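Using the hints, put the two standalone chains together into the complex.
One-letter residues, chain by chain:
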Amino acid sequence: MHPFTLSKAIDPASAISAAQDPHLAFIAGGTDLIGLMKDRAELPERLLDINGLPDMDHIEPTSDGGLRIGALARMSDAAANVEVRRRFPVISESLLFAASGQLRNMASMGGNIMQRTRCPYFRDEDGLPCNKRQPGSGCSARYGLNRTQAIFGWSDDCVATHASDVAVAFAALDANVIVHGTTGERSIPFTEFHCLPGKTPERDNVLRRGDLIVAIEVPARTEGRASYYLKVRDRQSYEFTLVSAAVAVAVNTGRIMSARLAMGGVAHKPWRLTATEGELRGLSLSDVDALKAAIATSFTDARPLAHNGFKVELGQRVALRALQIAGGRA
Amino acid sequence: MKVIGRPLSRIEGPLKVTGGLHYTADIKVAGAAQGVIVSSTIANGRTRSIDTNGAERAPGVLAVFTHRNMPRMNPTPKPWSHLHPHGQSYLPLQDDQILYAGQPIALVVAATLNEATYAGTLIKVEYDSDPPVVFGPETLKEAVQPPRFLWPVSSSVGNADKAIASSPVRIEQTYSTADRHHNPMEPHATIATWDADGMLTLYETTQHIFGTKELVSIVLGIPPEKVNVVCEFLGGGFGCKGYVWPHTLLTALAARELRIPVRVQLTRAQMYSMVGHQPASVQTIALGAATNGKLNGIRHDSVSPTSVFDNYIEYAALCPRSLWGASGGIATNHQIVHVNRNTPTPLRAPHEALGHFALESALDELAYAIGIDPVALRLMNDIEIDPDSGRPFSTRAMRKCLIEGAARFGWEKRTPEPRSMRDGRYLVGQGMAGAIFTHWRLPAQAQVTLRADGSALVEAGTHDLGTGTYTVMQQIAADTLGLPAEKVNVRLGNTRLPKSHPSIGSSTMANAGASVMLAAKAARDKAIELARTGEDVFVYSNVDDIVVRDGKVVLEGRNFEITYEELLARNNISSLIGDGNYDPIAEGPKATFSFSAVFAEVHVDPDLGLVRLSRFVGAYDCGRVINPKTARSQGIGGIIWGVGHALLEQSETDPATGRYLHQNYSGYLVPTSADIPKLDVIFVGEFDE
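In order, the protein sequences belong to chains A and B. Our numbering applies: residue 1 is where the first sequence begins, and numbers increase by one. Our numbering applies: residue 1 is where the second sequence begins, and numbers increase by one.
Only chain B is shown next, with the shape it has when bound in the complex (with noise of 0.2 Å):
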């Protein structure tokens, strides 16, 4: 019985809710201490003393490091000028400059988390301090054209100005966004333990093992064959943890000065500054329409900040590219502003969330602005080449999620009149949008092992994020190899197995899926290839009608079978090893994204302006979906998310001293179960080879 498309649970399922399951910082590495970051209270300057000599004698103390006695950091490349593993290029503990509120200035090592965590507050820090450079309205003049780095910064199809500029229909607005904080469940967190042998086994918190690897070979000078990484289970990523930040690498050294293992946990304070951010933006958006809503051009400006060291991009004007069609053109263009803060980070979802609230809110102007519904405007700008690229679409049901969508939601009672729809004293409001991401195309590596009591291994240097990676790959294998899915064991997580993509902007199905499959078919291909070495039918059979299935190699119609055990056995083989290896073509013959179209109703209580989610329907076209469960927990996050961002979610700096304010639950606010209703997701999409 096949198993992709089933809503298999996850694997490891009542393992998470028995509490049984182990994650980075519930490792236990004999002999480990326990190392706390000390951060700056000031956001520009310099420590002109740090008094370390309370924290050295307090007990359990067994090394307080700073920037005087750190061992030197190999400089890194520019983060951002390439796809390059390190979050940010400022390497900790390397000299007594001050950049950002929150920047580590201190590491204690000591025998307890509670007197590492003491020690750290007896370290007196005397600083020259400048007044902070903040994001606002003063800074946003001082924005700069930054250098490429994922996709160009800018973009022009056509002349949009032009266009928009001759338009019967013209919309002009600005959009801001705030700056927004990842927030997982589980802080980030790293093991550090060397052997005698000048191996280093790090259990980090991390979505991109082998990234990993790569920088803290880099950074540390050792080769990268020295250096494991192990992350067998995250608890939600985010992006936070696509990227490798101080605390690995202050981590890693100091077990090696120390000669013994670390272990370093960010508290949920440091969760704010010692790893990245979603950058605020402001966001300009011009479009140009016929009377009837047909687009002639889209302008789409966007400025974020980044820190003073790097050059971050969030891609805010990325989604017009090749969202819409504009008959007179497509402009896009971003800039940065350098202030005092870390450096950002992509944030679920990166880049195009951000955009998508301006774009599609400016369209639903144009919408109003003409009297056209919001859902025929989309249709009427739907296309079939992408704008930017020139390529036609591998697959877009665009059309099918705005459709279908609707129609779930009930679109077509909608009035478009403000405050025309109510429900008791409140008003009712509903709206709707359709949405594009990048789809990812990331070489990765995967081994298929057919063991003689015909059951299969999986092995995959790819990650589980709480996604349920380890279940999709499952059931991958399982129906490749023709075997039930329990039959399918499963390990990740691991430089040693072969090597696979960052888990980032929902990639991991897409590639390291197929680097699975690709490693299933090869060991199932080696089994029907063993079967005809034999003495039977088999020999004499065509290939194609050999098939896998139930654990058996079978010949379609003949009543010939041999099971996966008899197989090895008759063979006197102790397994079967299939390698894959996905290694798609940076850009394919079309242009390949991922679909949506989403619809909202909200509650609003007038007399005391709250606005309260009531309803909702996502729509989306991501392909063929493996296991409908965890794909509706993608959708339904994905969702949630959304919320947070539209309603609540915002990370305040407090201009006085360029810190973020309440770095915790309790202030930065995410949504609650009572803040989300029942959620309707659908997928309309097909499989998009």
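If we strip away everything but chain A, and leave its shape as in the complex, we get (with noise of 0.2 Å):
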């Protein structure tokens, strides 16, 4: 490895005037940098360690009936929580789909939405082209292997996913992401959060130099309680997704009165489902047919790569069975 210094933060405001160093980063649960920096796809010279940062791993009700998430939270600890899985089952289970019980034990909320692709040509320990790597090299994947990459809003520049699962389900909360930054507090909406590769694929997110983040927060949700997440992955563990969906609806004697879908594994952010969510209104949970057609709506933009064609099928069916899932708890 690379030489790197490591040092505790002492306090949140220390901890962002820090930060200003761009060859600083901080390290919370550590599971996605120390792989990261051993296949040399980031090398920071500076390691903050803020796990010692007071306050930031509570979970919490929050006083308009939704849940505070620390961003030092464990996701195991935000998994089993009781509130977490009464309010919203759809994190707790895209958390327990995710990563092995070690990892879960150690790796922190917030660093989890902050973990970047599993592209293979990213994490090819000696550097494969790639311009989320190495911005101006090249898109290995774009006509390479490209089997488990995006089929929405990919650029020529970069094809990636993004990885995590917890986020697909707060991207269909629409949940917010708490943010300290050099400017005081800033509440980020989750699907503000993630960004799609454009021209700087480099950038995963709209974070600024120096930005903590301290918490995510899901609103109250009248769907939240009727949530599903449903990964669909090679083997039955220990796997990254290849196509999943988190869901919520509410329903009405069989009929949804809103739904929220989003799914992983088809973007470079958690995909909302925008378009199906508005044809859902109304429909019954029993139209299999209609519900079909209202999936299909958000599909007719997918532009699938090479070898990843069967996401355009294969993701329809796992947003129709998350959403009987999920209705099936209303």
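Read the hints as simulated data drawn from the structure, not as lab findings. Keep in mind the model is a prediction, meaning the values are calculated, not measured. A few of these clues could be false.
To be verified - With the C-beta cut set under 10 Å, the calculated list includes, among others, these residues of chain B facing chain A:
(1) 59
(2) 63
(3) 76
(4) 267
(5) 268
Stated by the list, open to error - Rough simulated footprint, nothing fancy, chain B against chain A, three-plus residues with beta-carbon under 8 Å:
(6) 123-134
(7) 137-145
(8) 236-242
As the list claims (entries may be wrong) - The calculated lysine-lysine pairs, modelled on BS3-like cross-linking and capped at a C-alpha distance of 27 Å, are:
(9) 294/B - 499/B
(10) 28/B - 38/A
(11) 28/B - 499/B
(12) 2/B - 629/B
(13) 400/B - 590/B
(14) 38/A - 124/B
Cβ atoms here follow ideal geometry from the backbone N, Cα and C, with glycine treated the same way.
Below, the structure is given as structure tokens:
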């Protein structure tokens, strides 16, 4: 590994100030960062351990009936939290389908949504051409092996997908990322937190230098309880998503009052099925053909690559199954 | 009390689960420097320049070796011209050629691992790069007929093509399998240390200590007696540790140049290019049969890739030579394609596993085409004479494997029509296959010492891959000497011990085990002979009436006995040594193989395309089982390898760069516990002398 220093953050203000240094990175669980450093995909010279920052690992109800999940809460703590499970099963399930028990015990919630793509070209330890890793070097996956890559929102400069499962649930629920920065605290809507690759695929999200994620807030949602996370992957455990769906619905006498759908494994960010959500309103959960047609409206702009055409059909089937299971919980 | 046949737990088990066991890379050698290999990022071309200035000036760096300053090595014979321990013939850091991605181009030696790793990243390389040749539909056309190594490249009994052409039922199918990597938990590692007398000790992750000794002595140009190789414990081998790879040679030479011990452990990513792999295959099967399913002819042709410099053959078309009968003829052939990659090597289960997938799939096509049960089809084509050699099988419990396996599985409840079995939203699929595996006959030596304290020591230069060799050798010696198991100590994995064969092809129990049995018998016979030199009743007894049990020499029925301790003390002898030399003829009068029949059930989610194993029964005829616990572990381990092969494992090569993608456990998918249901393993074989 390249040489780096490790120090401990004392308080948020000094951490934010220290992070003005472009060669400094925050480290919490380290479950992604250490791998990135070993693969030389990231080469920070200074690591600032934020695990000791006060009051950032709480999971607590908010006054409006939502939940605030501290950025330093561990994935396993959030997954097991009674309030999380009661109000938003989709959050708990998306966490439990991710990584392994050991990793979930280490990985922080703030770090989870910051994790970088699993694109094998990006992760290669000797560094294959990759614009995300070395801007301007080209995208190996665009015309290389791209079975696992995006079908929505990609550019010729990057076809990678986002790796987080719980981010898909947060996107579906319109959560907010609470950030402390040099200008104070601000709240970023989750669907605007991650970026599409465009011409700057090296940029994963809208954070500014020095920004510290302190919490993720999930507002009260009528759809929250009838929610479900369906993850499709080649093996049964310990694998990143191939295609996944986070769905939350409000149902009245068998009819969908409102629905929230987001998909993982299909784009550079959690992919909201906005058109579908509109079409689903008022449909009967038992009218499968109508549900399928509603889901299809969000897939008309899918642009599959050479090896991932199956994701267009599979994505719709995954969305349907997740919708039916979530609806069954209403 | 006899211990052969009892499910003893592994002797070293408690050490393993408490972290107390030292694998090769854990061994502390005083003053050892750490080496890190830097590898090529291109697959074809040459290095135009390698700038090592930055690396040489980095903290802690002792030396940077490239082709410019690495000492020259003696060339070795082509590895696959015979059973040679060299993984590949291309020697590292000898010239500027690049023949495959991940090829070593530099070795950095520093005081610490971190320093060596970091310095390696400071090396600047300029390449003259040519497009890589990768295996695929285009290069398949470049397939050539290779020279022989392990077995004949092609075989023909009768006239298969004519028999198939004239058959009323014909099946022709093409099957392909993916490149796969061994991925043992323990990456390869070498620690090399030279003493003042020029004696080289290599601590090495190897299934072949004596082969390593021989190969290193050739390449380094030193007498074999100046090389000692040690490997007491392995964290999995699966074939890739059966041969010598570049890191071993580089480490030994670096240690000699620097006059200090050097340790090198491959990274997980380097495990994909610095050691072997199982090559992909494209196999074509043609079957001709009578309308009742009786086979008339089998043709099996396979093409697989190898490196540009070696002729490795994956013998996928080996299994039809002896698995089923075909009255009109059986023909097989192998071809290879030279591409820019490291040389492939056997991977559990080598050769046969790929071939069975194709052959047994084609047999199922035949069963379906004529409407016969797949088990019945195989029973109908079971044989007693090996078609390939014309010799009778020594034992062949294939029928028993099929019948008992099917009964255990509940095969009779299966309905053959596709999509006819369901479990809720899932489609249920059930399938089966027969299998055959080569029996390796390899010379092995061992020594057993009976000691004055009544204990015994087994010494054999064989290996424990994590499979329980220590424990089963203890069981064999204990029963032969009439000692309780805990009175027998076992030493393995050192070339100072009696010479044994490579632990490859599931050969250790049958061959090294036989040498231990012979050595224990020799020690026992010396003890009996010693007893008969005394002045008591033993002298007048018939030697056939004397037995050993409970640590004593016993005259049956006469109430006369003497403990080993008393016997040795009375004769003022500190130990009795028995030597075992198992030297089987290469080919016996009978055809010797292991057999099995396996039965699987999967649940398929037809909407999401997911296939998950739900049940598995494996019925095995592998001769006498010495330890049911370690044997069962081998059975379920083999099944899990099969699950990985069938459903998950594949190494993909980037077509533009010729590099393996996702060189890690995250991207290369091996089954997790969640992928494996309860596995049912039964042994139906008998002792096959």
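Each hint tested on the structure:
1. 59: holds, 8 Å
2. 63: violated, 20 Å
3. 76: violated, 28 Å
4. 267: It holds, given that the least Cβ distance between residue 267/B and chain A is near 7 Å, below 10 Å.
5. 268: holds, 9 Å
6. 123-134: holds (count 6)
7. 137-145: holds (count 4)
8. 236-242: Held - the segment 236-242 of chain A has 5 residues with a Cβ nearer than 8 Å to chain B, which meets the minimum of three.
9. 294/B - 499/B: Not satisfied, since the Cα-Cα distance of roughly 47 Å exceeds 27 Å.
10. 28/B - 38/A: holds, 24 Å
11. 28/B - 499/B: holds, 26 Å
12. 2/B - 629/B: holds, 16 Å
13. 400/B - 590/B: holds, 20 Å
14. 38/A - 124/B: Within the cut-off at roughly 19 Å; holds.
Of the hints listed earlier, those the structure fails to meet are numbers 2, 3, 9, in rising order.
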